[in-house]
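Got chain A sorted already, so can you dock chain B onto it with the hints?
Protein sequences appear in the order of chains A and B. If you count the first sequence from 1, position 82 lands on 82 in our numbering, and the numbers rise without skipping. If you count the second sequence from 1, position 54 lands on 54 in our numbering, and the numbers rise without skipping.
Don't read these hints as lab results, they were simulated from the structure.
Restricting the straight-line Cα-Cα distance to at most 27 Å, the calculated cross-link-like pairs of lysine-lysine (DSSO-like) are:
1) A:Lys11 - A:Lys71
2) B:Lys56 - B:Lys103
3) B:Lys42 - A:Lys14
4) B:Lys42 - B:Lys103
5) A:Lys11 - B:Lys103
6) B:Lys103 - A:Lys57
7) B:Lys42 - A:Lys11
8) A:Lys57 - A:Lys11
9) A:Lys71 - A:Lys57
10) B:Lys42 - B:Lys56
11) B:Lys42 - A:Lys57
12) B:Lys103 - B:Lys67
13) B:Lys67 - B:Lys56
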Amino acid sequence: DTGVSQNPRHKITKRGQNVTFRCDPISEHNRLYWYRQTLGQGPEFLTYFQNEAQLEKSRLLSDRFSAERPKGSFSTLEIQRTEQGDSAMYLCASSPTGILYNEQFFGPGTRLTVL
Amino acid sequence: QKEVEQNSGPLSVPEGAIASLNCTYSDRGSQSFFWYRQYSGKSPELIMSIYSNGDKEDGRFTAQLNKASQYVSLLIRDSQPSDSATYLCAVSSNSGYALNFGKGTSLLVTP
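Bound conformation, chain B alone:
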């Protein structure tokens, strides 16, 4: 069973809309949750981290965590074409050190 699941997409949204990206995980003991953005041919870039239930906002990005449902989401408001990338959900492992990644969701923001 895959530990971190994401819809591979592509998710297509028009410029200015809200993009909603979802992730589920299997390890109830996970403590840390992250969203990375990865442009084609580049390495992952950390954009959000969240550690407790609820919402965390940073600029146009909002991360949401629901540990009871084992669900993490990322909302991108006022989406821009430059947001077009693959978004990776990462969850801390049992050890707390390694991160388990999903396969990523491809987001396309159309002008």
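This is chain A alone, in the form it adopts within the complex:
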């Protein structure tokens, strides 16, 4: 049984560069979420996919952020023109179908450092 996987695990970039992260959910889960977590805070919701459809986006997701989930399998999160404030842990989670039983399982995260 493989859990949620994320790549890369760490990314260091210079301000203004673009970065892309990948998430592979648990295979039978059709729901996928992206969160961002900074030190001392709980995860903050960014966006949600059901299969390939992006159904919800947070106000936190500025126009520099874009997420995709082609074919309803893996997902990518791209940040354009990175800023130092983008430095955070980016977490992906997946869950099976069913609103009430929305148990979300997290991947190991991608730690982004913007210099």
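Here is chain B on its own, set in the frame of chain A:
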């Protein structure tokens, strides 16, 4: 107003004692409630979920939910040093999809 509130701690308990962690939330429409454990530098790990009023037990963990008081708690019996971590309370949003997290309570179990 913060939607999910937790005492940041640290909460220190001796080994073998009961640790009690509390969480309040503001959205009366929330349907699902979760506790995650997060070790330093790691991602959150789901340890308990609860959906109806009352208690739910799983091993050494008991989650308690009181929707009228908008209150969720987690009890850890026979606390072990390996339980030392940050415990995050998460509550489903209006949409039912996104989770709103508290800042977490840091628990330290001393030998």
